[in-house]
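Sequence lines, in order, name chains A and B. With the numbering used here, the residue at position 162 of the first sequence is 1115, and numbering never jumps. With the numbering used here, the residue at position 12 of the second sequence is 281, and numbering never jumps.
It is possible that some hints are incorrect.
[What the hints assert, rightly or not] Short, incomplete list of chain A residues facing chain B, as computed with Cβ under 7 Å:
{"hint": "1", "residue": "D1066"}
{"hint": "2", "residue": "L1069"}
{"hint": "3", "residue": "E1084"}
{"hint": "4", "residue": "V1085"}
{"hint": "5", "residue": "G1089"}
{"hint": "6", "residue": "R1106"}
{"hint": "7", "residue": "S1109"}
{"hint": "8", "residue": "K1129"}
[Unchecked claim] Here are the simulated distance ranges between beta carbons:
{"hint": "9", "chain 1": "A", "residue 1": "E994", "chain 2": "B", "residue 2": "E416", "range": "55 to 61 Å"}
{"hint": "10", "chain 1": "A", "residue 1": "N1034", "chain 2": "B", "residue 2": "S347", "range": "51 to 57 Å"}
{"hint": "11", "chain 1": "B", "residue 1": "E368", "chain 2": "A", "residue 2": "H1009", "range": "35 to 41 Å"}
{"hint": "12", "chain 1": "A", "residue 1": "K1013", "chain 2": "B", "residue 2": "E340", "range": "50 to 56 Å"}
{"hint": "13", "chain 1": "A", "residue 1": "G1071", "chain 2": "B", "residue 2": "D355", "range": "43 to 49 Å"}
These aren't lab readings, by the way, just hints derived from the structure by calculation. What you are looking at is a predicted structure, and each value in this text was computed from that prediction instead of being measured. Glycine included, each C-beta is placed from N, C-alpha and C at the ideal position.
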Amino acid sequence: MTLADHQQLYQQDLPSQSLFQQKITGLHAVGGDLSGWQMLESGLEQATIMDCQFNHCRAKKCQFDTLHLVQSQISSCSYINSRFEKLNSDSSSHAGSNFASCQFENTKSELSDFGLCGFQDCQWENSKLSEVSFHGSVWYDCVFKNENYNFVRFPSSVFYNVVFDGCTLKKAIFRKARFYECRFKECDVTDSVFHNAEFYKTTFVSTDLSEAANLEGAKGLAL
Amino acid sequence: MRTKQLIFRRFTVGRYPINGYLLADPETHIGVFIDPGGYHDIIGQFIDDQKIQLRDIFFTHGHWDHVEGLEEFSRRYSLQCYAGKDEVRAASYILNGGETLEVGKLKFETFSTPGHTPGGISFYCQGNLFPGDTLFCGSMGGTDAIEKAQLQVRQVKEHLFTLPDQTLVYPGHGPISTIAAEKYYNPFFQ
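Chain A with its partners taken away, still in its complex shape:
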């Protein structure tokens, strides 16, 4: 039984599955438990996944194109060398997942949670995020490019060698975040919060920190 057999799911569980070099198009899943999936060199496109649960899934060298997640819980999953194009995450939780060498392009997300996630060598480009949380997340060698954020939260997150390039970070919350050798280039940080944030060898280029709402207690800033 392949995933493609399940074009219309309703309140139905799928067994754990392994996909290898398969491409799934048009999946519409509602209320299922998709935990334990493993995908290798596979693709999922034009999919809508609503009220579903994914735990401990794995994806390597996979392509996710136009994936719409609604009120789903995706936790402790691992993604390696995969690409997310037009991911739309609405009211969904991705807590505790790990992303290595992943690319996110044209992501849209509202009211979703990426708390306690780890990102290594990842790139986020042209996303539009509103009220999304990345609290307690860890970022190594990542790039944010032309991101458009409103009220996106990164409290207690840690950034190592991360570049924010041309990003709109309005009302972003970096409370108690730590930045190591990071770079903000041509970013709009209007009304953002860096309360008790710590900066080590972090540079700001054409980024007006005076527009931030709260820099109280921030350490390591050469204002």
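Based on these hints, arrange chain B on the given structure of chain A.
Structure of chain B alone, referenced to chain A:
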């Protein structure tokens, strides 16, 4: 989420958008709405589609943005309202925390969580916590005095942070979270 045991949907509505939550027992279809900050046709449509018998309204607290939809809900459904002391005038039952409320076969535990408001109540059902503005993802609702903020922090630590780490947190505003994430990474509770 956790749809085997629950019919569940979040609706972010109202003039100052808040997260309202509709939960129903999948067997009896008896349901409750937590914090009706506004009414929208999509709520009524979901109630009709799922054949939910909406019988109860739970209020986490009485701020206007969490209450404003009550009139419209009351016009459409026959409802019993539950809230903490002096929070909502229309409340038919006053909660002090420690009660267990039944909605169909669902059981909701209540916790007294004052601070943001004096009679704030948090609701817990099957691994899902609804703290209103007492606890946000990476933050917490504001107070007008440091003592109230300290009380709020204490109540959260004593009551809410003793729930299982994997408990999903559905706050009154903003994105969802988990108890583990808030316990270990919310800067207000370190």
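(message) Please check whether D1066/A passes as an interface residue: C-beta within 7 Å of a C-beta belonging to chain B.
(response) Result: holds, 5 Å to nearest chain B Cβ.
(message) Would the hint on E1084/A be counted as holding, given a Cβ-Cβ threshold of 7 Å to chain B?
(response) Hint on E1084/A: holds, closest Cβ of chain B at ~5 Å, below 7 Å.
(request) Could you say whether the range 55 to 61 Å given as a hint is met by the Cβ separation of E994/A and E416/B? (result) Since E994/A and E416/B have Cβ atoms about 58 Å apart, the given range 55 to 61 Å holds.
(request) Look at the Cβ atoms of K1013/A and E340/B and judge whether their distance stays inside 50 to 56 Å. (result) Because 53 Å falls inside the window, the suggested range holds.
(message) Quick check on G1089/A please, does its C-beta sit within 7 Å of some C-beta on chain B?
(response) Cβ of G1089/A sits 3 Å from chain B, so the hint holds.
(message) Does V1085/A hold up as a contact with chain B if the rule is Cβ-Cβ below 7 Å?
(response) It holds, given that the least Cβ distance between V1085/A and chain B is near 6 Å, below 7 Å.
(request) Using the beta carbons of G1071/A and D355/B, state whether their distance is inside 43 to 49 Å or not. (result) Check passed, 45 Å falls within 43 to 49 Å.
(message) Would the hint on L1069/A be counted as holding, given a Cβ-Cβ threshold of 7 Å to chain B?
(response) holds (5 Å)
(request) Tell me if R1106/A is really an interface residue toward chain B, meaning its C-beta lies closer than 7 Å to one of theirs. (result) holds (5 Å)
(message) Given S1109/A as an interface hint, is its Cβ closer than 7 Å to any Cβ of chain B?
(response) Holds, about 4 Å.
(request) Could you say whether the range 35 to 41 Å given as a hint is met by the Cβ separation of E368/B and H1009/A? (result) With a Cβ separation near 36 Å, E368/B and H1009/A satisfy 35 to 41 Å, so the hint holds.
(message) Holds or violated: the 51 to 57 Å window for the beta-carbon distance between N1034/A and S347/B?
(response) The hinted range 51 to 57 Å holds for N1034/A and S347/B, with Cβ atoms some 56 Å apart.
In the structure shown, no violation is registered for any of the earlier numbered hints.
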